[in-house]
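For the sequence shown, the working numbering assigns the number 47 to the initial residue and increments by one for each residue that follows.
Don't read these hints as lab results, they were simulated from the structure. Accuracy of the hints is not assured; some may be wrong.
Stated by the list, open to error - Distance ranges between label pairs, derived from CB positions:
hint: 1; residue 1: Gln352; residue 2: Gln321; range: 18 to 26 Å
hint: 2; residue 1: Gly238; residue 2: Pro104; range: 23 to 31 Å
hint: 3; residue 1: Pro106; residue 2: Gly238; range: 29 to 37 Å
All figures in this text were calculated on a predicted structure; none of them were measured in a lab. Cβ coordinates follow ideal geometry from the N, Cα and C atoms, glycine included.
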Amino acid sequence: MARLISSFVPNQITVGILWGPGCFATGAAAVVDALRAMNTLARVRHGGVQPLQWHWLPLPGETVAAPPPAPASGDAALLADVLVIPGWLVTTGPQLRQFSRTYLDHFAPLLHAHVTRGGRIAAFFNGSALLAEAGLLSGREASLPWALAPSIVLQSGHAVRWRRDRSWHADGPIWTTSALPESLAAFLDLLGHTSVAELAKAVGTVLRHDMQRQLTATEELETPNNEPMAAGALERARRWLQVHRNEPYSLAATARAAATSPRTLLRWFSQVHGQTPLQYLHGLRVAQAQVLLQTTYLTVEAVARQCGYGDVGSFRKVFTRATSETPTAYRQRFLLRTSRKQWTGPQPE
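Throw the hints in and build the complete structure from the sequences for me.
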């Protein structure tokens, strides 16, 4: 089978990461790992292309702190398309305000100029305090860490709306998070609004938790003694669909596995899960098909059969309805595998 790759080569994106003593390494390292993963995927798709560059922006007057243990990339003199503020390890609001004000004169002009020329900013955890101090959160909504949110709101002159309901939030060119574990999700969403959006989405399916894909890889849930765990009728039905997702669908068989009637199962499954058992099964199959299209050399017909569709036309219809793309177009956009020739050697003429 011929290798399918996207003909679109993304423009280069440069990321600047603030760094100095007291900065959280978690978010900074997550950013670098994501950028490295995207460059790796770009090489798979486009040969030697590496569309992502990054550099460290040291805090002024700080020379003793080394950046996280990940290789730097690019020329620090280049203007960044994205700026990352990883946040600081502080224990009180006054400490955070002092930290922000210490570096305000140096970074405020840079941040304002960056936003003015169309750049984007990711501020992780309490890194949003620097944006508040610089006046960049005025009139915006932001996701803020609960422990330091009052201080950040005060720094903004009470001009920012705290989104308590969001673990991360985007408002215009600014992405903010309420917790460090949300750094990767927010950063990949930010890159989803740039020329490397396809790479960010493809890498995100691997680096982030994906419930449907996890379910397709889970045949059954067992106790430490390898005995099936007790579960209610809906859970038994859900597990039945997971285990038998490659077989022809039968509402009656699913209901028998759940020890209830088809009518009762259909009513309660739809009420609890917001979809019918068949729609849930299609979701499992599409998730499995996405993995196979991204990581194997199977033809679309073979993928359809492996995912439980005897008719490839039906598979294409279900897949396109779920993803807004045909299986072939999806494979072309989200390819994760290398060329077969790269690991089998030259093919015979």
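We went through each hint and held it up to the structure:
1. Gln352 with Gln321: 18 to 26 Å: 23 Å, holds
2. Gly238 with Pro104: 23 to 31 Å: 28 Å, holds
3. Pro106 with Gly238: 29 to 37 Å: At 32 Å between Cβs, range holds.
No hint from the list above goes unmet by this structure.
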